[in-house]
Amino acid sequence: MKTLNYITLFIFATTIAVAQKPVPAPKQTKSVLIKNATAHIGNGQVIQNSYIGFKDGKITLVADATSSKIDVSKFDVTVDAMGKHVYPGFIAANSTLGLVEIGAVRSTNDVQEVGKIIPNVRSLIAYNTDSKIIPTVRTNGVLTAQVCPRGGRISGTSSIFSLDGWNWEDAVLKKDDGVHLSWPAMVTRGGWWAEPGPVEKNKNYDNEVSDLKKFFTDAKAYSENEKVDEKNLRMEAMRGIFSGTQILYIRANGMKEISESIFFAKKMGVKKIVIIGGRDAWMVTDILKESNVSVIINRIHDLPDRPEDDYDLVFKLPAMLQKAGVLFCLDNSGDMEQIHTRNLPFMAGTAVGFGLSKEDAVASITLNAAKILGVDAQCGSLEQGKDATLFISVGDALDVISNNVTHAFIQGKTIDLQNEQTEMYNRYMKKYGK
Amino acid sequence: MRKLFTAIALFGFVFVNAQTTTFQVNGAPDNNHNYYAFTNVKLYVDYQTIIENATLLIKDGKVVQAAATVIIPKGTVVMDMKGKSIYPSFIDPYTTYGMPEIKKAPWQPGPQMENNNKGAYNWNQAIKPETDAIKLFSADNKSAEEMRKMGFGTVLTFNKDGIARGSAALVMLGKDKENNMVVNDKAAAMYSFEKGSSTQDYPSSLMGSIALLRQTYYDALWYNGLIDKEEYNIALDAFNKLQQLPQIFETTDKFSAVRADKVGDEFKVQYIIKGSGNEYQRMDDIKLTNAKFILPLNFPMAYDVEDPVDALMVTLTEMKHWEMAPLNPSAFEKNFIPFAFTTADLKEKKDFWKNLRKAIEYGLTEKAALKALTFTPAELLNASTKIGSLKVGMLANFIITSGNIFDEKCIVYQNWVAGEQYIINALDIIDVRGNYDLLVSNNAKLNLKIEGDVEKPKAIIQLNDTTKISVNLSLTNSIISLNYNLKDEKGVIRLTGSVKETPVSFSGKGQLGNGDWINWKANLTSAFVTSTVKKDSTKKQMPTLDDVLYPFNAYGSTKLDSSFFQKFMNRWNALIIKNVTVWTNEQEGILQNKDVMITDGKIVRIGDNLEVPKTVKALIIDGTGKHLTAGIIDEHSHIAISNGVNEGTQSSSAEVRIGDVVFPDDINIYRQLAGGVTAIQQLHGSANAIGGQSSLVKLKWGASADEMKIKGADGFIKFALGENVKQANWGDFNTVRFPQTRMGVEQVYYDYFTRAKEYQKQWDAYKGLSPKDKTNAKMPRKDLDLETVSEILNNKRFITCHSYVQSEINMLMHVGDSMGFKVNTFTHILEGYKVGDKMKQHGVSASTFSDWWAYKFEVYDAIPQNAAIMYALGLNVCINSDDAEMARRLNQEAGKVVKYGNVPQVDAFKMITLNPAKALHLDNKTGSIKVGKDADVVLWSDNPLSVFAKVEKTIIEGVVYFDIVKDLELREQIKKERARLIQKMLMEKNGGAPTQKPTPKKPKMYHCEDLENYGDMFSEDLHEEEEQH
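These protein sequences, in sequence, are chains A and B.
Residues 1 to 434 (this note's numbering) make up the first sequence, in order.
Residues 10001 to 11029 (this note's numbering) make up the second sequence, in order.
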């Protein structure tokens, strides 16, 4: 009875909504039990027939329905998800969601600030909770995103958001989680986008590195002084990198850039290092493991760099890192990255086609992402005490033909899965009488 | 005599061949009509006629006699050339000798739509056939001397700038006045596909250059036919006048050689093709051109591959080309294609001989090499009665050498240009190179090594295996001086002495660091061994034409292994996929556990437990648990295209053809085969309202461009609407070209279709005339742009239109209805769901992205349910890529249609197979698994719409072009081949050969909006926007 009511209410509430953009959800007031679903925990484990309960925004119960006796009546709402799948909310690491609305329209672009070394610039306050793109991403199960500034050498500081909220203060999951550094490329290319010039060794590489060295050395010394004569905003923004409260994210793809940047950061006294990009990470797995550095793999829906490369080199990169024992997660950065954030599950799915196990693939966009971003205490897996950020899909959420999210919860809040696109769909199907 | 000659050589006198001249002479004229006789010489009268002990008699710059027995007239200067050889001097048919430097005007913001040169010139700045090299020619002795040293006497020179480059002059390399150096003032007409210094926007792509040249031929033809010239055009006038000359076309790769030849064929012009050096990679196609070639000897240096990570940047193509490039000339010889050599394209001219000898090492015969240096260039330039051999009456252009010119030790002594002597090396120069025992005073023997060039020997003292001391050596006639420092107490030791011959030895006086005088001598212990690379005593394993990969890229195969060539080898005459789930795309839907049989490239049977007749050699593929589908057809692709997908410089570029620039070596062909793609429409970009003509190809990896093209396919053309066409995102400078609004886009169409109708009327009227009336009537000008547009009106060409917003979609259908044409396909069509009913009525196909949106303002309303809505309305819906990466996952993209719009799986899969086949009018040949259709099929590991599915085999017309098992073998082969080549390069480097640093090559991926600026040497940072679609 309650189950039915819940679903009916849910659907009713969304169809009568006139607003194109879903309304941010109110706080969870009623406890919810999802029963009989195949639960993908996020840590590699699966419970074929599960109980997942949550209350006041936190997961209170994770159990095997076949072996546990649960008093169902203790929950205000029960969702019978027999034959369906429940997942922790997918996490989009290294995204720019909410910073760009329309790629080609400059006025909607807030992703790249002027300046070369600007760690003090923060994505936190530019994140637009009202972006029309965000609801379309949630519809596919992506419920959390790290939002990052781009450009320059040190681009700024990112924050992590739940993809629901009235404003950035409301939506933020972790403020200022880390500083983003673009490691200088050892090779550069001249020309312009339509006619790329020859790629040459970056003659400025040594200068770029020594500039970084100077800044890091100064910032490190500065960070050791609690009472500075005059505040330096840039160095101030680096304190967490040296104290270990913040992560240094280094964008590097080449084998040499990856290893050199890790040695550099270690030498500079950086506590937590994450590589973003990692195209050649498979060549340096030993270094990554020894230095305890994890990798956010850039969009695997990408072509290999060299004609000789295996056609599936990028597709199978996750499986290669998994096998080597390197902690990694997937991202979706690249061309049109905001809108493609909704395809993150299918990148994990593609990795399955090329050697990664399904549950490892789930981990690569849930618990592993949470661990890498330092939010695994809050989210990333279906475990007791964590945020109830999770969703139900009719079928395998990693496959395009079966990803069909019927319920989603962010910190227990019931998320409206409609978006402007589903609204337009309904509008025109109605127009055509279909 | 000998002494006299030496004296002359020493004092630098030259024999002057005086001619009658219009010039005033300052002082007494030094006219000299003496005979000169070269006796006892081995005389190469031409490349195949050699006379031993011959006499060459010359006078007044011409050959008087060249024979075994010659009666020497009185008053002849006789030179005994015993042991020496005389060759006709060489001819370089492709130089810019004595030409001014080409300067390009600085870049200006904003478009340049017309020729910037004031005057009655051509509309296009790159068409300058009026350029007359002889008027620009100014002799340059420094370059001439460099060429003379290499044995050249005559060169063709021209102004290397533009597409039609004007006439070239054939000139000699003497020091005399320009007036006396000209063999032929108009010796050839020159062409290329590069616009050079032209600052005009058009053409910006290779296909644009080709179209411009084609149109120029038609314009010149029309211009010729004008009765009273209402238009005077310097360029067209000159263009026509140049047609009787040899026509030389410069190309920059093997495919462009074929492209140039095809343009020539259209106008019955057989170009002489200046090659690029990689022709051996497609010799069959090169042979089909029937062209004669001018070949450079620009063999690449080995790459520095010591760093294994940097070495990854060197492609297999580059490595193999490094190894195989010296094979190019012999490939021409073996295929009986006439060719001449040029010093063009060499970074260092001095490498010419080194490389030519390398080519000989790789199988070129010396006779063919000599022919390519003398006879053939003379013949190509219609000058074989004057140069290229030493027959009576011909120019006395010859060289005197110590022996066989192709011998590494050969010394060129003199180069005679038009009877004028240029000394290169003294005749009695002593070759002191070799290893010596150097004895200074009573000290221990030292190992003295003299190497380098005969005329510039260099010396070292080899102390032990690893230590050598440099020695300053100078040699003047028979006096040698040596300076060295052994870093001991003796200080710098200075020696001087005389040289004795046979065997060479030195002896003389010297002074030690302390001032003590000593005696010294050096005796030859072993003769000089040429070449820094040590010749192996074992016969080197030389690559042959059999080692060429098709295509010449990673994952290419030799002819013996290539899938494409396999079909000719009759390896199988049938292929059976057994017990497989068949997605037929026909009424039967999905069939379980069926066998599909393929013969002669067609699907012949679908059934249960098909038996293979014993006479049939069948390849049997087990399909248990797998899925067989029709091959994926990408309606919107930009892969496998050379140098630009957009000729977006004008509102209409209907005249350009993607078919002209198909690039069969693109690695993306292989990668897309690995994604199950079998056929694509190669589309022009979306930068202008009327774009260029499409090309429909199957992804036959290893085949030529012609073989890839789908025979009998209908013609298609790209149209485009919206932001790209109105240059909305092109920055602040591009606000000039019409149109800048959607309002203007409509008018472009009305304008062109109205004009196309007028154009057609003119031609219909002309064609309707009686033959007699025709002779008096003026033939209309053939306009390739309007002609293409009129093909649309005649249902001979079909539109694929890039489109997003409903208003403009509606507009184009209205233009079509009122002008009498149908739009065939709206591609991208992201707001198709808003006007699907109208589209259904118009009868247009829709080819869309599955889920792209918000990358620019006009796609902010795009929804992933678009395909599903249009499908629900009964439209023929396709899912396209416009992206080299996504094209290899089109199956997933079709899967999204199931996800977002609940379209049945069978119908969703048709959106990437049968439906694009319909949109491209290919559904009678391909697009479904049906008996009688082409066997274009894909074997999948799983449900083909799933992200988990992998392609196991991709088959086109019965040939397996991708096989997941063979792929692993190819990877292993590539690894081994690279390893072998890297070892070889390292050996070369250790042998002292120069190497080049590797630089990574990222091939360009084209999207709709990408602009190329082909042939533009000075690229500017015009746009820095991200790639758009």
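Honestly, the hints are just simulated from the structure, not real lab data.
The reader is advised that the hints may include incorrect statements.
[Said to hold, decoys possible] Think about it this way: if two alpha-carbon atoms lie no more than 25 Å apart in a straight line, the pair counts; the simulated PhoX-like pairs of lysine-lysine are:
1) A:LYS431 to B:LYS10976
2) B:LYS10062 to B:LYS10186
3) A:LYS55 to A:LYS174
4) B:LYS10840 to A:LYS434
5) B:LYS10626 to B:LYS10602
6) B:LYS10950 to A:LYS323
7) B:LYS10989 to B:LYS10966
8) A:LYS203 to B:LYS10602
9) B:LYS10950 to B:LYS10262
10) B:LYS10822 to B:LYS10711
11) B:LYS10997 to A:LYS256
12) B:LYS10142 to B:LYS10082
13) B:LYS10103 to B:LYS10042
14) A:LYS358 to B:LYS10135
15) A:LYS256 to B:LYS10838
16) A:LYS434 to B:LYS10772
17) B:LYS10409 to B:LYS10386
18) B:LYS10347 to A:LYS201
19) A:LYS358 to B:LYS10626
20) A:LYS256 to B:LYS10975
21) B:LYS10135 to A:LYS203
22) A:LYS201 to B:LYS10997
23) B:LYS10386 to B:LYS10135
24) A:LYS413 to A:LYS431
25) A:LYS430 to B:LYS10822
26) B:LYS10062 to A:LYS201
27) B:LYS10989 to A:LYS431
28) A:LYS430 to B:LYS10838
29) B:LYS10602 to B:LYS10578
30) A:LYS256 to B:LYS10950
31) A:LYS27 to A:LYS58
32) B:LYS10229 to B:LYS10262
33) A:LYS323 to B:LYS10975
34) B:LYS10772 to B:LYS10782
Nothing here was measured: the structure is a model prediction, and the numbers come from that model.
Hint check results:
The suggested pairing of LYS431 (chain A) with LYS10976 (chain B) is violated, with an alpha-carbon distance near 62 Å, which exceeds 25 Å. Between LYS10062 (chain B) and LYS10186 (chain B) the alpha-carbon distance is near 22 Å, which keeps this suggested pair within the 25 Å criterion. Between LYS55 (chain A) and LYS174 (chain A) the CA atoms are separated by roughly 21 Å; this keeps the pair inside 25 Å, and the hint holds. With a C-alpha separation of about 15 Å, the suggested pair LYS10840 (chain B) and LYS434 (chain A) falls inside the 25 Å cut-off, and the hint holds.
At roughly 21 Å between alpha-carbon atoms, LYS10626 (chain B) and LYS10602 (chain B) fall within 25 Å of each other, so this suggested pair holds. For the given pair, LYS10950 (chain B) sits about 20 Å from LYS323 (chain A) by alpha-carbon distance, which is consistent with the 25 Å threshold. Only pairs whose Cα atoms come within 25 Å are accepted, and LYS10989 (chain B) paired with LYS10966 (chain B) is rejected, the gap being roughly 34 Å. The suggested pairing of LYS203 (chain A) with LYS10602 (chain B) is violated, with an alpha-carbon distance near 56 Å, which exceeds 25 Å.
For the hint linking LYS10950 (chain B) to LYS10262 (chain B), the alpha-carbon distance of about 40 Å lies beyond 25 Å, and the restraint is violated. At roughly 24 Å between alpha-carbon atoms, LYS10822 (chain B) and LYS10711 (chain B) fall within 25 Å of each other, so this suggested pair holds. Taking the CA atoms of LYS10997 (chain B) and LYS256 (chain A), the gap is about 17 Å. The hint holds against a cut of 25 Å. Proximity of LYS10142 (chain B) to LYS10082 (chain B) is assessed by CA-CA distance (about 31 Å); at most 25 Å being required, the pair is judged violated.
Between LYS10103 (chain B) and LYS10042 (chain B) the CA atoms are separated by roughly 47 Å; this puts the pair beyond 25 Å, and the hint is violated. Between LYS358 (chain A) and LYS10135 (chain B), the direct Cα distance comes to roughly 75 Å. Violation of the 25 Å bound is thereby established for this hinted pair. In summary, the hint linking LYS256 (chain A) to LYS10838 (chain B) is not supported, as the alpha carbons are separated by about 57 Å, beyond the 25 Å threshold. About 65 Å separates the Cα atoms of LYS434 (chain A) and LYS10772 (chain B), which puts this hinted pair outside 25 Å; it is violated.
Proximity of LYS10409 (chain B) to LYS10386 (chain B) is assessed by CA-CA distance (about 30 Å); at most 25 Å being required, the pair is judged violated. In summary, the hint linking LYS10347 (chain B) to LYS201 (chain A) is supported, as the alpha carbons are separated by about 21 Å, within the 25 Å threshold. As the CA atoms of LYS358 (chain A) and LYS10626 (chain B) are separated by approximately 20 Å, the hinted pair is consistent with the 25 Å bound. Distance check on the hinted pair: LYS256 (chain A) and LYS10975 (chain B) sit about 21 Å apart at the alpha-carbon level, within 25 Å; holds.
Our distance criterion of 25 Å between C-alpha atoms is broken by LYS10135 (chain B) and LYS203 (chain A), whose separation comes to about 44 Å. Of the supplied pair hints, the one linking LYS201 (chain A) and LYS10997 (chain B) holds, its CA atoms being roughly 9 Å apart against a limit of 25 Å. Proximity of LYS10386 (chain B) to LYS10135 (chain B) is assessed by CA-CA distance (about 22 Å); at most 25 Å being required, the pair is judged to hold. In summary, the hint linking LYS413 (chain A) to LYS431 (chain A) is not supported, as the alpha carbons are separated by about 33 Å, beyond the 25 Å threshold.
Restraint check: the Cα-Cα separation between LYS430 (chain A) and LYS10822 (chain B) comes to about 28 Å, which exceeds 25 Å; the hinted pair is violated. Using a Cα cut-off of 25 Å, the hinted pair LYS10062 (chain B) and LYS201 (chain A) is violated, with the two alpha carbons roughly 55 Å apart. Restraint check for LYS10989 (chain B) and LYS431 (chain A): not satisfied, since their Cα atoms lie roughly 73 Å apart, outside the 25 Å limit. Of the supplied pair hints, the one linking LYS430 (chain A) and LYS10838 (chain B) holds, its CA atoms being roughly 16 Å apart against a limit of 25 Å.
Pair hint LYS10602 (chain B) plus LYS10578 (chain B) holds up; C-alpha atoms about 16 Å apart against a cutoff of 25 Å. Taken as a hint, the LYS256 (chain A) and LYS10950 (chain B) pair is broken in the structure, with Cα atoms around 32 Å apart against an allowance of 25 Å. The hinted pair formed by LYS27 (chain A) and LYS58 (chain A) meets the criterion: a straight-line CA distance of about 11 Å does not exceed 25 Å. With a C-alpha separation of about 30 Å, the suggested pair LYS10229 (chain B) and LYS10262 (chain B) falls outside the 25 Å cut-off, and the hint is violated.
Taking the CA atoms of LYS323 (chain A) and LYS10975 (chain B), the gap is about 22 Å. The hint holds against a cut of 25 Å. For the hint linking LYS10772 (chain B) to LYS10782 (chain B), the alpha-carbon distance of about 21 Å falls within 25 Å, and the restraint holds.
Consistency with the previously given hints fails for numbers 1, 7, 8, 9, 12, 13, 14, 15, 16, 17, 21, 24, 25, 26, 27, 30, 32, ordered from lowest to highest.
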